[in-house]
Amino acid sequence: MARLGLPALFCTLAVLSAALLAAELKSKSCSEVRRLYVSKGFNKNDAPLHEINGDHLKICPQGYTCCSQEMEEKYSLQSKDDFKSVVSEQCNHLQAVFASRYKKFDEFFKELLENAEKSLNDMFVKTYGRLYMQNSEVFKELFKELKHYYVVGNVNLEEMLNDFWARLLERMFRLVNSQYHFTDEYLECVSKYTEQLKPFGDVPRKLKLQVTRAFVAARTFAQGLAVARDVVGKVSVVNPTAQCTHALLKMIYCSHCQGLVTVKPCYNYCSNIMRGCLANQGDLDIEWNNFIDAMLMVAERLEGPFNIESVMDPIDVKISDAIMNMQENSVQVSQKVFQGCGPPKPLPAGRISRSISESAFSARFRPYHPEERPTTAAGTSLDRLVTDVKEKLKQAKKFWSSLPSNVCNDERMAAGNGNEDDCWNGKGKSRYLFAVTGNGLANQGNNPEVQVNTSKQDTLILRQIMALRVMTSKMKNAYNGNDVDFFDISDENSGEGSGSGCEYQQCPSEFEYNATDHAGKSGSDKADSAGARAGPQPYLLIFCVLFLLMQREWR
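Under mature numbering (1 follows the signal peptide of the UniProt record, and there is no 0), the letters of the sequence shown match residues -22 to -1, 1 to 533, in that order.
Just so you know, these hints were derived from the structure itself, not from any lab. The reader is advised that the hints may include incorrect statements.
[As the list claims (entries may be wrong)] Pairwise CB distance ranges, derived in the manner of DEER restraints:
#	residue 1	residue 2	range
1	Gly41	Ala413	45 to 53 Å
2	Cys167	Val130	15 to 23 Å
3	Lys184	Pro326	39 to 47 Å
4	Phe412	Gln40	16 to 24 Å
5	Glu89	Pro283	21 to 29 Å
6	Leu411	Asp361	19 to 27 Å
7	Lys184	Met111	21 to 29 Å
8	Asn134	Glu166	19 to 27 Å
9	Gly459	Pro326	46 to 54 Å
10	Lys125	Leu187	42 to 50 Å
[Claimed, not checked] Calculated pairs, DSSO-like style, for lysine-lysine (alpha carbon to alpha carbon, straight line, at most 27 Å):
#	residue 1	residue 2
11	Lys6	Lys62
12	Lys434	Lys454
13	Lys96	Lys118
14	Lys314	Lys6
15	Lys368	Lys82
16	Lys62	Lys36
17	Lys118	Lys186
18	Lys184	Lys122
19	Lys62	Lys52
20	Lys407	Lys375
21	Lys122	Lys104
22	Lys62	Lys96
23	Lys454	Lys370
24	Lys96	Lys186
25	Lys18	Lys405
26	Lys52	Lys375
27	Lys62	Lys434
28	Lys104	Lys81
29	Lys81	Lys454
30	Lys186	Lys454
31	Lys36	Lys370
32	Lys125	Lys184
33	Lys18	Lys104
34	Lys376	Lys88
35	Lys434	Lys58
36	Lys122	Lys36
37	Lys104	Lys118
38	Lys122	Lys88
39	Lys296	Lys184
40	Lys407	Lys18
In this text the structure is predicted, and so the values were computed from the model without any measurement. The C-beta atom is built at its ideal place from N, Cα and C for all residues, glycine as well.
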């Protein structure tokens, strides 16, 4: 029996040894790593079938590995592309929002002006007939200047409106005193009495105040949307530094080299790398938030006293009221003008009767009803447009300080925050032990994952900070009802290290993101604000030089 049992024992040991050997060979197989590598379009000949000695690796952990030198080099480029793609996706959503809202506002304002001009023309033709058509260029010039202000700027609205009423007074004065002949010099004297005599009643004063405030607010708000769109576009295309690229490779693909193809990076590990790689973008946050707050302030004005729609819709009625007021007070106005400018020269008798019959005013506009306000561009109203944009602006606040967390929230980039023990920490499958650093350049001195030069601020970012700061100032002026000097913010020559990041037609139409970090992911919220206060501010000389450069471009 014993002799029969010995061969059986040997057979059993042989089977167990073969099984252990097979298991060992299986654990050292790189087939899954190779499959994923080839699926990304790389050459399968780069990838070994089984683990090899990793002394050739420069970034990933050495030892036995499934990565050749060629694989590490290609993974390095791939990790850089992956990072740029995810950041671009986050920014493109935001940029698309501002691009689409700017387009809607721009269309709305332009169509609002077109509708107002058409309404005035149609109603004045019906009401005043040939008298209006003979003097229509005065009104056409008014709308031409209003359109020019909105599109180009460089129009003093108060002076332009004063000129309009002065020219209208000259025409009206000639019509109500058609028995006289007036020289250009005499009519110029008449126009000087516009303010003193108030021939149009209080309409010019009220309309000047309403138009100026409404147009300044409307144009400033539209410009703000364009600035936000352009700033996001310039910042959205990132160019990682060599140190950032090494950290990205280690985070995203070095786990593959150890055969851990299904293990994702730890969330806090990802957060440190993103805050290091996006340190300069984090410095935008303070000025960006100030800009968003200023936009929201102007939005409130657009919904209230500076509503351009409520000013332009009844502008024909208001001008007609002014004309009627002039007609009703024409005798008193004429007498005072004759006293100040001297008695005019009468026309010959035959021309007097013809002039009087041609200049009689007999019609008046129907009452204006606010419920008849038309919808304009895109079948909407200003109230609906502003309500929509306000919601998007609130979502966009803290976008840049939230960007690292939002990148890591992408399942392609990191494991969930609750999976802290079963994730890749840069060395193996285990918990990540380092604390998460704060946002912004000043907080990266102690970043355990990315070496960041905290003494060198990015020029492109500084330019965008300046653009936001200047536009915020314009917003505050518009909010207070003050006229604004506009400039071209496109800044086409400032695209170094960045690009548009998005073709508007291809951008997603909406964006949603979480502006608050996951609870427990980092104890650095206080460090963010403290670092923003304590960190090195932009050098005054740099800002002065940048400001001068931008002024040249704005001209």
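How the hints compare with the structure:
At about 28 Å, the CB distance of Gly41 to Ala413 disagrees with the hint of 45 to 53 Å. Taking the beta carbon of each, Cys167 and Val130 are about 33 Å apart, not inside 15 to 23 Å as hinted. Our hint of 39 to 47 Å for Lys184 and Pro326 holds, since their Cβ atoms are close to 41 Å apart. Taking 16 to 24 Å as the suggested C-beta distance range, the pair Phe412 and Gln40 conforms, at roughly 22 Å.
One distance hint, 21 to 29 Å for the beta-carbon pair Glu89 and Pro283, holds here, with the actual separation near 22 Å. Hint check: Leu411 to Asp361, Cβ distance near 53 Å, so the stated range 19 to 27 Å is violated. The given range of 21 to 29 Å is respected by Lys184 and Met111, whose C-beta atoms sit roughly 27 Å from each other. A hinted range of 19 to 27 Å for the beta carbons of Asn134 and Glu166 is consistent with their spacing of about 20 Å.
Take Gly459 and Pro326: their Cβ atoms lie about 51 Å apart, and the range 46 to 54 Å holds. Lys125 and Leu187 have their C-beta atoms about 20 Å apart, which leaves the hinted 42 to 50 Å range violated. The straight-line distance between the Cα atoms of Lys6 and Lys62 is roughly 33 Å, outside the 27 Å bound, and the hint therefore fails. Proposed proximity of Lys434 and Lys454 is contradicted: the alpha carbons are some 31 Å apart, above 27 Å.
For the hint pairing Lys96 with Lys118, the CA-to-CA distance comes to about 10 Å; that is within 27 Å, so the pair holds. The suggested pairing of Lys314 with Lys6 is violated, with an alpha-carbon distance near 106 Å, which exceeds 27 Å. For the proposed pair Lys368 and Lys82, the alpha carbon gap of about 14 Å is at most 27 Å, so the pair holds. A C-alpha spacing of about 22 Å is found between Lys62 and Lys36, which places the hinted pair at or below 27 Å, so the restraint holds.
A distance of roughly 17 Å separates the Cα atoms of Lys118 and Lys186; the hinted pair therefore holds under the 27 Å criterion. A distance of roughly 21 Å separates the Cα atoms of Lys184 and Lys122; the hinted pair therefore holds under the 27 Å criterion. Among the hinted pairs, Lys62 with Lys52 is consistent with the structure: their alpha-carbon atoms are about 16 Å apart, no more than 27 Å. Between the alpha carbons of Lys407 and Lys375 the distance comes to roughly 36 Å, so the proposed pair goes past 27 Å and is violated.
Between Lys122 and Lys104 the alpha-carbon distance is near 22 Å, which keeps this suggested pair within the 27 Å criterion. About 49 Å separates the Cα atoms of Lys62 and Lys96, which puts this hinted pair outside 27 Å; it is violated. Only pairs whose Cα atoms come within 27 Å are accepted, and Lys454 paired with Lys370 is accepted, the gap being roughly 20 Å. The straight-line distance between the Cα atoms of Lys96 and Lys186 is roughly 21 Å, inside the 27 Å bound, and the hint therefore holds.
About 24 Å separates the Cα atoms of Lys18 and Lys405, which keeps this hinted pair within 27 Å; it holds. For the hint linking Lys52 to Lys375, the alpha-carbon distance of about 37 Å lies beyond 27 Å, and the restraint is violated. Simply put, Lys62 and Lys434 have alpha-carbon atoms about 21 Å apart, close enough for the 27 Å limit, and the pair holds. A hinted pair counts as satisfied when its Cα atoms are at most 27 Å apart, and Lys104 with Lys81 does not qualify at roughly 34 Å.
The hinted pair formed by Lys81 and Lys454 meets the criterion: a straight-line CA distance of about 23 Å does not exceed 27 Å. Proximity of Lys186 to Lys454 is assessed by CA-CA distance (about 20 Å); at most 27 Å being required, the pair is judged to hold. This hinted pair does not check out: Lys36 and Lys370 have alpha carbons roughly 45 Å apart, beyond 27 Å. For the proposed pair Lys125 and Lys184, the alpha carbon gap of about 20 Å is at most 27 Å, so the pair holds.
With a C-alpha separation of about 71 Å, the suggested pair Lys18 and Lys104 falls outside the 27 Å cut-off, and the hint is violated. Of the supplied pair hints, the one linking Lys376 and Lys88 is violated, its CA atoms being roughly 32 Å apart against a limit of 27 Å. A distance of roughly 22 Å separates the Cα atoms of Lys434 and Lys58; the hinted pair therefore holds under the 27 Å criterion. Distance restraint check for Lys122 and Lys36: the Cα-Cα separation of roughly 67 Å exceeds the 27 Å cut-off, and the hinted pair is therefore not satisfied.
For the hint linking Lys104 to Lys118, the alpha-carbon distance of about 17 Å falls within 27 Å, and the restraint holds. Of the pairs offered as hints, the one joining Lys122 and Lys88 holds, with about 12 Å between alpha carbons and a cut-off of 27 Å not exceeded. Using a Cα cut-off of 27 Å, the hinted pair Lys296 and Lys184 holds, with the two alpha carbons roughly 10 Å apart. This hinted pair checks out: Lys407 and Lys18 have alpha carbons roughly 24 Å apart, not beyond 27 Å.
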